[in-house]
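Here is what each chain is made of, one letter per residue.
There are 2 protein chains.
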Amino acid sequence: MSDARKTRAANGAPKRAAPAERAPLQAAPLTVSRPELLADGSDREFRQLVHALFGFLARHEAVRAGHAARIGLAGVEYSVLISIGHLDAEERSVSVNRLATHLHLSGAFITTLTNKLERLGLVSKEPDDADRRRVKLRITAEGWRRLSALAPVQRQVNDVQFGPLTAGEFRLLNDIMGRLIDSSERALKLQAFLADPPASEQAPAPLPAATAGKRKG
Amino acid sequence: MSDARKTRAANGAPKRAAPAERAPLQAAPLTVSRPELLADGSDREFRQLVHALFGFLARHEAVRAGHAARIGLAGVEYSVLISIGHLDAEERSVSVNRLATHLHLSGAFITTLTNKLERLGLVSKEPDDADRRRVKLRITAEGWRRLSALAPVQRQVNDVQFGPLTAGEFRLLNDIMGRLIDSSERALKLQAFLADPPASEQAPAPLPAATAGKRKG
DNA sequence: GGCTAAATGCTAGCATTATTAGCTTTTTTT
DNA sequence: AAAAAAAGCTAATAATGCTAGCATTTAGCC
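Line by line, the protein sequences are chains A and B.
Heads up: the first sequence begins at 1 in the numbering used here, then just goes up one per residue.
Heads up: the second sequence begins at 1 in the numbering used here, then just goes up one per residue.
A couple of the hints might just be wrong.
Where chains are identical, the list cannot tell them apart; a pair therefore holds if satisfied intra-copy or between any two copies.
[As the list claims (entries may be wrong)] Simulated crosslink set (EDC-like; lysine to aspartate or glutamate; CA at most 16 Å straight-line):
| no. | residue 1 | residue 2 |
| --- | --- | --- |
| 1 | 189 | 36 |
| 2 | 116 | 126 |
| 3 | 189 | 159 |
| 4 | 116 | 36 |
Hints listed in this document are in silico derivations from the structure and should not be mistaken for laboratory results.
Model the full structure from these sequences, guided by the hints.
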């Protein structure tokens, strides 16, 4: 009853399994309502964008995985490595938790990854003298060597991946992404609120200050 | 030897573990070279964009997971469900493999997911009369019902998530994403080529037609 | 000062997500 | 008709990332 073909084969007769009441071809209601995002009253282009974003994400991650593979790492591991570099340059001291929030991953997972990178000799962990609960993460000389060796190839690939962008589009895209991150954050809060309203509060008050609501990891 | 704090605690003495030759603070070479993507000869903004893309896409997935949760599904399952709807509307017949390539997932995984959706009564699978190896995927009436029930909430959340976009930015973003998907595809091919050049071909001929090269899933 | 509470990171166990390999059935090619 | 290819299924397995519980250090409070 789970394999249509098997069912048919077993029966021998072409008795098709309950043709599932022909679904209304254009039954789908709008998934967005702002007029700026509708064309001729249809959300077709909007759905297209949402889908394209996933498509791009898959490829963007694949490119990262490719860069990472060049120095023997998985995609996330590579992200952890360079993020240590960036945070170290900007903030002068990188802890496990700092990195975890930066990358939106759990502390435990960062622990696992940084331990592996330490074993590989790409990252060093020293106790932080100011707060000895903390660990100071740093890229080792060997770590920098690997990143440097990677750069020439990375440059070629990145040039192709972002080739179609003009300087203006590049700046605008950068700007748009910044705004979309913020608005997505707000959307997530609203979503959590709508999924789990604080009881006795039916009113669809837009933008609640903050709601607990269990959130998936 | 993997836990800096433990080592220290065990020793009692503050002997810090080999301070890891102070890494050059700005040793990182450029990761992109096109002048359109550089500002003052630095790739800082470009790195920022790459990072922002991951940040946004992570939240975009979280929003999808939230929508999905409303009808008791995981993020991918929801994507499979609506993709069946879209492909069915556009192409009139959706097979497992068609869906797999559309979503960039393996056929086996699509089989698993669609079987679950069938068990849940949201999707129907009938043997394709034209080619009986194939299965015709369809959203059931119940599936449409769930999607319709979801829509009002989805609309509110999507309006917030994409709130900052003007009509012009929306169209441009849509256009840019389309181009970036194509260029990313090309970047992946180049990357595969550079990782595994067909031997005896050292010349860095840009844009090879097509190379086999094992690719990670 | 001493007791409690909070914060940091670690380990272990597990859930989810998605792939590859091998099999059966049907279709296509020779 | 036989061989090769294509579609989808199952099983085993890999990668990814989380939660729970623990030890150590720090901060707050009386």
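For each hint, the structure was consulted:
1. 189 - 36: Neither: 23 Å inside a chain and 36 Å across chains, both beyond 16 Å.
2. 116 - 126: Result: close within a single copy only, 15 Å intra versus 48 Å inter.
3. 189 - 159: between (36 Å within a copy, 13 Å between copies)
4. 116 - 36: Neither: 47 Å inside a chain and 37 Å across chains, both beyond 16 Å.
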